[in-house]
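Engineer: Letter by letter, the chains look like this.
2 protein chains.
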Amino acid sequence: MSKNKAYLHCIERQKAQSLWRQKLQASKYFDEFLVETMSAAKSLGRITASLIKAKQSVPHYNGSAMDGIAVWAADTFGALETLPKQLNLLSPGQLFRAGGCYLVDTGDLIPEGTNAVIMIEDVHIKDNKAEIVAAAAPWQHVRIIGEDIVANEMVVSEHKLITPEDIAAMLAAGIEEVLVIKKPRVAIIPTGDELVASSHELKPGAILDVNSHMLAAAIESWGGEANCSAIIKDQRAAIKEAVVSSLAVCDMVIVNAGTSAGTDDYTAEVLGELGEVIAHGIAIKPGKPVVLAICQGKPVIGLPGYPVSAMLTAELFVRDVLIARQRLPGIKAKLVETTLVKQVASAIGVEEFIRVSVGNVQGKMVCVPQGRGAGMLSSLTKAQGVISIDAASAGLNAGAVVTTTLLRQVEPLDTVLAIGSHDLSLDLLGVYLRRARNNISLFCANVGSMGGIMAVRSNETHIAGIHLLDAGTGEYNLSFVQKYLAGTNWELVHLAMRQQGLMVKPGNAKNIKGISDLTRQDVRFINRQRGSGTRMLLDYELTKAAIDSFSIAGYEKEVGTHMAVAASVLAGAADVGMGVKAAALALGLEFIPVAEEQYDLLLNFAADDERRELVLAILKSPEFQNEVEALGGYDLKRAGEILIGGRA
Amino acid sequence: MSKNKAYLHCIERQKAQSLWRQKLQASKYFDEFLVETMSAAKSLGRITASLIKAKQSVPHYNGSAMDGIAVWAADTFGALETLPKQLNLLSPGQLFRAGGCYLVDTGDLIPEGTNAVIMIEDVHIKDNKAEIVAAAAPWQHVRIIGEDIVANEMVVSEHKLITPEDIAAMLAAGIEEVLVIKKPRVAIIPTGDELVASSHELKPGAILDVNSHMLAAAIESWGGEANCSAIIKDQRAAIKEAVVSSLAVCDMVIVNAGTSAGTDDYTAEVLGELGEVIAHGIAIKPGKPVVLAICQGKPVIGLPGYPVSAMLTAELFVRDVLIARQRLPGIKAKLVETTLVKQVASAIGVEEFIRVSVGNVQGKMVCVPQGRGAGMLSSLTKAQGVISIDAASAGLNAGAVVTTTLLRQVEPLDTVLAIGSHDLSLDLLGVYLRRARNNISLFCANVGSMGGIMAVRSNETHIAGIHLLDAGTGEYNLSFVQKYLAGTNWELVHLAMRQQGLMVKPGNAKNIKGISDLTRQDVRFINRQRGSGTRMLLDYELTKAAIDSFSIAGYEKEVGTHMAVAASVLAGAADVGMGVKAAALALGLEFIPVAEEQYDLLLNFAADDERRELVLAILKSPEFQNEVEALGGYDLKRAGEILIGGRA
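Chains as they are written, first to last, in my numbering: chain S, 634 to 1281; chain V, 634 to 1281.
Fair warning: there could be bad hints in the mix.
Straight-line alpha carbon distances no greater than 20 Å define the calculated DMTMM-like cross-link-like pairs of lysine to aspartate or glutamate that follow [to be verified]: (1) Lys-921(V) to Glu-754(S); (2) Lys-688(S) to Glu-809(S); (3) Lys-688(V) to Asp-664(V); (4) Lys-686(S) to Asp-1060(V); (5) Lys-686(V) to Asp-1060(S).
Away from chain S, derived, C-beta distances all over 12 Å, residues of chain V [as the list claims (entries may be wrong)]: (6) Ala-784; (7) Glu-874; (8) Ser-1112.
In case anyone wonders, no lab produced these hints; they're calculated from the structure.
By construction, the Cβ of each residue, glycine as well, lies at the ideal position given by its N, Cα and C atoms.
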């Protein structure tokens, strides 16, 4: 399998980064850059390629800084309150003569012969005479040429990011065109027999090329200009030709992917023929199959194909090179110490990067790991930070304090965490929270109802959705929270009554009518995970019907959400699963009602946290209630009712 | 003078902001927004107008997560190391039969009839048979439909800033077009008889319209789209017409300026006729003449004409409205506690905003106020932060600890402060520092040589340029630093020998030959400020020549830099001044040498601050030395030599 031997010997990330940087420096890549001339007025956000000197002074003439009269200062000497002096008012254009003065407005040119201005408030004008009661110092209230910027002086430094203020200063200083650093052009070459360019061509086994668009946007956000080529098949010659022609017109080339050691993976080989391969295979996860090369003095990088891997490795190896090439100040990562809410395992020997959500729960900063598959786009879109686990570590325990690198402009204080049982209404709650306050984003992690109670107990979530049936009392939630939660920081609030039932493919080919059908030989079930409310409801119903779970094929196959159950049924991975009606309707499945259950929210906000009030107000708003009920199978009559605890 | 009575009664800034916000809310301005549909692939940085739901699941088929064989799990039950099982290898397309299997690559569709994948590493293939030594669990190594994103599930929330990762997720989920919030259109209407649109039309008394470009760039940086109109004369009807036609096509209108209470200031009147004026005149400096209005339910704002005032008031009143209109998360100002290096006076009754530079000097965060004129563009381009002085305060003393609001992405730790005597070579030093490290920016404040020594003494600058002649010894600098500086944190490093002399206009009409001519009746002098090295050199030369300074016309008129002296001479504000040759050459003046003087730098970096090494390396580099010498009148033979102190 391993055609490329180098790939067997993964090198450390730090080593790869510094080697890559050194080699690029040695090839003078950072010493040269392309420049272009552009209109100064349109140059916002660009980088000056050289020091910019003023072409003219600002102000460009001696002007009045006040509304008043322009005088020859010496003529005013001796004027006092007790001994006013009178000056002769001259008309504009009239030649100056001793003892004369002119009316001037702010910004007016100081007439020839005058050298000071007296404020109009201090002048008494009558019959073409201006009476003054104080002497003027020479050049008082005069803005002289170059008071702000002197011609030939520096206006904007070299390699500076141009701001709106810089634009104003340049224009005022007579600079209409400015030499800026050209945006580096980065070629993106998507490769792969399985890739298609649009979802219309999508069929099973085909993969939509989303990476090109993601990488192009990332490059744009780092100041570069992406140059996406058409999809190249897994053919050596075609890949080589694409790289060669890209090298001719671009500053950097990305080949995506073909970077593994499989039989159809030609990237490393091709780059080795065109230049020097610096590294092939880096000891990170995700993202191991990276190829770093230098061809014709330019960086060429092979990125892995899975989106999460492609994005992470672009951040690790493409971003800094692009930024240095443009002379942009390096980006300083924002770091925050957080408490990890659940254990994460990690392989020894690779540095592992895990996307996380970050929130401040009653003063404790917590981080919640996302799904970790390299193909999990959802982990990319929902993450607010990333943690890395050292190659020497086998993982981190829940409760460990870890340094989280925040992504972009994230303000973690404003993330509302909802860890517990998931319900589709929580996504809508997130939307309503954001409508109320643009700074708020809601992050959901699905760990089931019991997981949610535990997360509240250890102060690791703001909200936990729960629907736990007490088999003894037939009551929901109350007995569980009373058993597991102490103190008064939390409160239980009703959200909805919702219908739970069995979901089957349209047509119900296997004619499933209720839970007694689950034991049939020809029926494959898909289950929810232990600790989830749906699982407990199922077990309760099975006990009531005296059904042994061992007799159900697929009882042991667990997934984490209602939608995942529905998707498994739709995909044919199972014939039937249990979940809420809304999930079945969302995917067009048939729904066989089993029970109505109570879905409540545990709220866990600090006393002065306005977000608690916001959540309660949203739950009670008819707009929200109607929108949730429209999903199907919901009754929100009592939504927002505080069931226990609370500060109301 | 005061036609608009309201203007007499300035209101507080906070009150104006909240009134403005309330009134806009009352007119439902923030409830509505325009939307547009655009290509998801191109939507980087836009805001989603609604919750985005997946159109298809990701993955969209059940695929292999490994290279290996696809099997029916039940066929594999019972396989053990000691009791291997053999499966029949079927060709692609061949119908599945019990005990069969297919070779699959990662990403391949799982063939009909199979429900699990066994890694190729665990399979022994021979003669169309696949031997396995362990059972496969159903659905192992299979990525099932919707494992990442389930159709109809939320992919991106409402009112979210679209990232590269969001683009990937949307495309993968079958979303090719996305509904986003339309960029708010902001009309900018420049008004004023004195305004001209290009520097070619510039003549004394005319002002180049730089504000329109500055405001347009600022609006762009806040997510809006600027719509600049042509310059409108100070005529009521014309201004009114421009506002009316802008209201028809824009979300917000800026009139700049005509906002004062002068006879030609119509903005407040016009806006009062078209809608409601919320405030006219705000108790801030700079920026008092602001008009806040609502016309046809839209915000219309009159901004003052001076660039510093226009920018400050745009930041105070335009930015937040634009951001809220787009549903962008509010910008949280970065605050830092700093020590003020010099006293600033402030008028009681107005809140004063002062732009500052910020730097970390040996662990002490200091802030250096910029020039404060409302017309000083240079204070805008050089500032890294802004401080505000309360309306109740008469000012702040040097040494006061003040909260500085940082502007944009400033990283103050990396600003090198150069406070002292200015020399043109310092701008070049800044350029070279930035070339070495893109994070470094050099900020110069000109307070003269003695001011520089004092700034080092109180640990408020990294670098101080000094050129102080000891009249007793004829030696430069050494005796002064030994007298005023204790400790060993600083060191004195030589920069250049430079020529000082008299500057006169080309042609030298008054035939000035040396300092003895300064006492002539027909000669007007312009001086440097007390404490500056040039002033001390002049005084030394006057003493040597037994000239009484009282006999020099203009001796009392002081400016702060060599270039300001040169500019005053060029402008005709004086006939002659003293300064370095480079300044004279820069403005094309004639230069009459008086003396060669020694210009040194005091360096004041922490022991582990790599910037000290950088500065020394630059001073010694032939490239820097040649570039400074090319300015004229410099000799850098001994540049970089450590004269006293230091850690070398």
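Engineer: Give a verdict on every hint.
Structural biologist: For each hint, the structure was consulted:
{"no.": "1", "hint": "Lys-921(V) to Glu-754(S)", "in the structure": "19 Å, holds"}
{"no.": "2", "hint": "Lys-688(S) to Glu-809(S)", "in the structure": "10 Å, holds"}
{"no.": "3", "hint": "Lys-688(V) to Asp-664(V)", "in the structure": "28 Å, violated"}
{"no.": "4", "hint": "Lys-686(S) to Asp-1060(V)", "in the structure": "11 Å, holds"}
{"no.": "5", "hint": "Lys-686(V) to Asp-1060(S)", "in the structure": "11 Å, holds"}
{"no.": "6", "hint": "Ala-784", "in the structure": "6 Å, violated"}
{"no.": "7", "hint": "Glu-874", "in the structure": "25 Å, holds"}
{"no.": "8", "hint": "Ser-1112", "in the structure": "32 Å, holds"}
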